[in-house]
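Generate the whole structure from the sequences, applying the supplied hints.
Number of protein chains: 2
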Amino acid sequence: MLNQRQIIKDLLQSTAFDTEVHVKGWVQTTRMNPYIAFIALNDGSTINHLQIVADISIFGQEFIDKIKNTGTCIAVTGKLVESQGAGQRVEVQATQIELYGESDPVSYKLQAKRHSMEFMREIAHLRPRTRTFGAILRIRHTLAYAVHKYFNDNGFFYLHTPIITGSDAEGAGEMFRVTTLDPVNPPLTEDGQVDYKQDFFGKPTNLTVSGQLEGELGAMALSKIYTFGPTFRAENSNTTRHLAEFWMIEPEVAFNDLEDNMNLAEDFVKYVIGYAMEHCGDDLAFLENRLIEEEKNKKQEERSPMPLLEKLRFVLDNPFERLTYTEAVDILVKSKPAQKGQFKYPVSWGIDLQSEHERYLVEKHFKKPVILTNYPKDIKAFYMRQDDDGKTVRAMDVLFPGIGEIIGGSQREERYEKLHTRIKELHIPEESLWWYLETRQYGTAPHAGFGLGFERLVLFVTGMTNIRDVIPFPRTPQNAEF
Amino acid sequence: MLNQRQIIKDLLQSTAFDTEVHVKGWVQTTRMNPYIAFIALNDGSTINHLQIVADISIFGQEFIDKIKNTGTCIAVTGKLVESQGAGQRVEVQATQIELYGESDPVSYKLQAKRHSMEFMREIAHLRPRTRTFGAILRIRHTLAYAVHKYFNDNGFFYLHTPIITGSDAEGAGEMFRVTTLDPVNPPLTEDGQVDYKQDFFGKPTNLTVSGQLEGELGAMALSKIYTFGPTFRAENSNTTRHLAEFWMIEPEVAFNDLEDNMNLAEDFVKYVIGYAMEHCGDDLAFLENRLIEEEKNKKQEERSPMPLLEKLRFVLDNPFERLTYTEAVDILVKSKPAQKGQFKYPVSWGIDLQSEHERYLVEKHFKKPVILTNYPKDIKAFYMRQDDDGKTVRAMDVLFPGIGEIIGGSQREERYEKLHTRIKELHIPEESLWWYLETRQYGTAPHAGFGLGFERLVLFVTGMTNIRDVIPFPRTPQNAEF
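Chains as they are written, first to last, in my numbering: chain A, 10 to 491; chain B, 10 to 491.
Simulated from the structure, these hints should not be mistaken for laboratory data.
Be a bit skeptical, because a hint or two may be false.
What the hints assert, rightly or not - Mimicking BS3-like on lysine-lysine, the simulated pairs with C-alpha atoms at most 27 Å apart in a straight line are:
hint, chain 1, residue 1, chain 2, residue 2
1, A, K158, B, K279
2, B, K18, B, K158
3, A, K118, B, K427
Written out as structure tokens, the structure reads:
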């Protein structure tokens, strides 16, 4: 009903031979002999193209020359037939072709050839038309849908926590200021500070770094909630792992302890990866081959240890290794790289583990995803539940091969006195957290949750290596184009 | 696996009588006689409470006095039995009760009595624990899930368009500035302007007012996309219909024209409302009764014309009325209120219709949802497709009873020359839209889309009257608490 056109993904599966079909899409490539043009047409519904066979004697060479170029948009009416050629099951013998939009082969930036990923980022408005980025965006969609489906099916409620926040207590990173004050001459108080009373919200506000604290409020009423929204870091990190704007998923569950939390994290992440494997087979196979091509010129030890699909299957089939931070430090201290002084950062109990340490544990020692728990309290956030030893907290980090930390979470400190004391110790402005503290004063309950950086998940599943390539329009220092 | 506790929603349906069950939740109310305490327990999974029967001789009066208060959090082990009392099918005879968190009946702000909606907004950290807000948040979740399910099932891809944007071309409203520059002494250029080159992104950036323009880029590659994310307006509107931060859904479809767009909008909105009716029966019934109670003291003509569920059913069962702006103005000019001079704003062709006009059309004249199309181009955005008459554009607004505009959309101008000329006419800085214009230069296609304000949908479905009550933590002028 919604539109007359047929979807290429469906047509490629169709056996309704000799019926009339209507398809619309963008020309990928055209092969020609003096009599016939073979047009590979794509409409974004699938990575696979539909072959359009156009008899040049019917359409005229002039018209064919207009529509043959990469990027041209056409509507085709024709007959669906079994394909004689290799590489496709069906094709369409065109009876009518309508030209929607030409594409000049000289000035069009996205010719059918290899472009660098850096160049692709400069044309982020066009790159979704390529096979690689089409595949990434379809997988990204499928993972996002799987997130919602998993939580909905398991009785969680999607909670929209605020993006603009007056609280900066979480301390997860540098924040962006949100304001409507005059940028050149802001109103000042008598002592020369900005008078935020005159700002839109009547106080300083920032973009959220996490919805967790508000998520906890939801869990203390609805038991099981999750967030899935944008979060922000104003950090000047120009790496392949960081974005200034990224999407985060944060479930929070009343009555869960740290073990429940680990079970949830493992079950959840396996579900969404499995869901993508089930629904994005063609896209994943394409990206697997892309990665193999990409790594051909690399040394053996720099290549991915497994092909993409095998890697994903491996994650699904094996239980994540679970151990404490203390046990992990033991392993690291006794490791070859530590003994030989090969770690850039020396390991000892109390340090914040560096990427090289995490990678050793995941990629060399255990060779599978690892969940580290019970970190020293001094390197973790104020809201994590304190262990009885007075030294560690019920934190957990899930570490993935090639990615590092993909999930960070904890059981939360639900005991008012402990939490209040910790907030004072860390000089966190208590008055900005009155509402958070009240949940511990009235009907407090054990609870736990975690955050999953969505782009890191997409990175892992697609096998891409730069996080800027798995979000449609990346925001990084000095870059907010489109 | 994920947790030992059983969910109250499931238990209320259970027939596994005489088995041991474990439930955890918050005490809503407690009735007592000298021998037995009847505790209404809720865990947020449903609006309905589970009755816990506690023999005081087992637990002791002192313990019962500790746990009986509204808001207390407890864990109960007991036997599931058929209830003897009225109002519930099953109850739990407690054998063990663990106290997680007390709730002082004097200082706890959320006593089991009627509170004003204004007061509830001040305690937005606690209000999800009430029946009304629990119901709203469950319905909100269900609507959000239905949005994703509808689009996924219909071959749309979820596209995360940017929140921080360097483009202010859409012009849909006042914007919030995003910056990391020194708030008191920002770096200045030689001519005394803020030197945004030194800001985080190297240029002025704002919070997005719409993901549409970037959504169009996605549709020009993947054919069918939708966004569902936060959008922002820095407008000083203190009304029951406006938020500074709200969630918007924006589908965009290549090859769709205005009629396809109307069909999609109507099919979509009926689907999500129907989905909520199917999955939130108890919550909707509760809100229906709440609304009847609420309106008891109102005059007949100020009350809702139909009970909540009947209103929703009515929307599903009737095709939306479709007419052009020009036809609507005709009706309005000839209407009684116009003839009697009762409209505050006089009606004539070319004006932007006011709320009073929309309400007349929807609530008095047609008595059902209305889609108005082909508005004068001067009151609509630059990107809407121009009609052949040179006067109107292929815009559409979907108007709902009691809500007004719930959806605004259009077929987009896909012809480069027309679009370019319009951009020049309106003095929109062309260089900020180079990427948007390029989609019309290379493989352009007819396409159409719309935006649905998610909170207005939740408002309609829940029958609430203030938009601040259908989002967990509302952001409005002078208010960014929590």
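Okay, the hints, checked on the actual structure:
1. A/K158 / B/K279: Within the cut-off at roughly 21 Å; holds.
2. B/K18 / B/K158: Holds. B/K18 to B/K158 sits at ~23 Å (cutoff 27 Å).
3. A/K118 / B/K427: holds, 23 Å
Comparing the model with each numbered hint stated earlier shows that all of them hold.
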